[in-house]
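K.L.:
To convert, note that position 41 of the sequence shown is 41 in UniProt numbering; the numbers rise steadily by one, no gaps.
Derived lysine-lysine pairs resembling BS3-like cross-links, with alpha carbons at most 27 angstroms apart:
no.: 1; residue 1: Lys158; residue 2: Lys141
no.: 2; residue 1: Lys148; residue 2: Lys225
no.: 3; residue 1: Lys148; residue 2: Lys162
no.: 4; residue 1: Lys224; residue 2: Lys148
no.: 5; residue 1: Lys148; residue 2: Lys158
no.: 6; residue 1: Lys162; residue 2: Lys141
Simulated from the structure, these hints should not be mistaken for lab results. All of these numbers come straight from a predicted model, not from anything done at the bench.
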Amino acid sequence: LEHARRHEFERVLFLGDAVGYYPDGDAVIDRLRALGAEGVMGNHDAWMLTQDVLEGEGYVFEILRWQSEHLSEENRAWLAALPWTREGEGWLAVHGSPCDPFLYVDDLDLARAAFGCTSARWIFHGHTHLAGAFTALDGPKGPWVRYKPFTEPENLLKVGPKARAMVNPGSVGQPRDGVPLAGYAVWDEDAGTVRAYRVAFDIEAVARRVEEVGFPPALHQRLKKGR
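All chains, please: the whole structure from these sequences, using the hints.
P.N.:
See below:
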């Protein structure tokens, strides 16, 4: 947030999964609420709020059960009120894909299908933990789709007036593209640009919290590797 405040922004859009993997879900939601963030439901959020959290197996659900016990009622209510999608003029936000909020969009064919599930020019999503953007331009046999990863400290995406974009700003909590840096993006609709940033954060502090509450060591090891 300190890095983001160096840039002008008017609204905060949260793309899902406030909870899952790490101990401080309650504090994350506190921060999102303080920012007035507009958000969408992620799969981990949904799992925590349903019977899945009681019946699921594996460390992911063990962590969600722990987080559920440590979540305030106010933050649980905020999480439960999140919609699956959020829309504005010319844009759509969803955790996974416009076709299915739980679907991973991580290749050109899935991106092509995602563009076909909405007329929005700008699509913002998360879920894959991979920072980057698919761009599409209509062709005679369907849209031409390309992909641009956001792996540099600052990445600029310029989208022409006839093109569309599906943007993943990356993960703050667990990047998976081999770059152990948090990701966020600033969208300028008038300029037709997205500036995506990768920012260092205190991985060792997260590691200490993981050890403190007894979560699997693999979780902080993943942060160090960015995978």
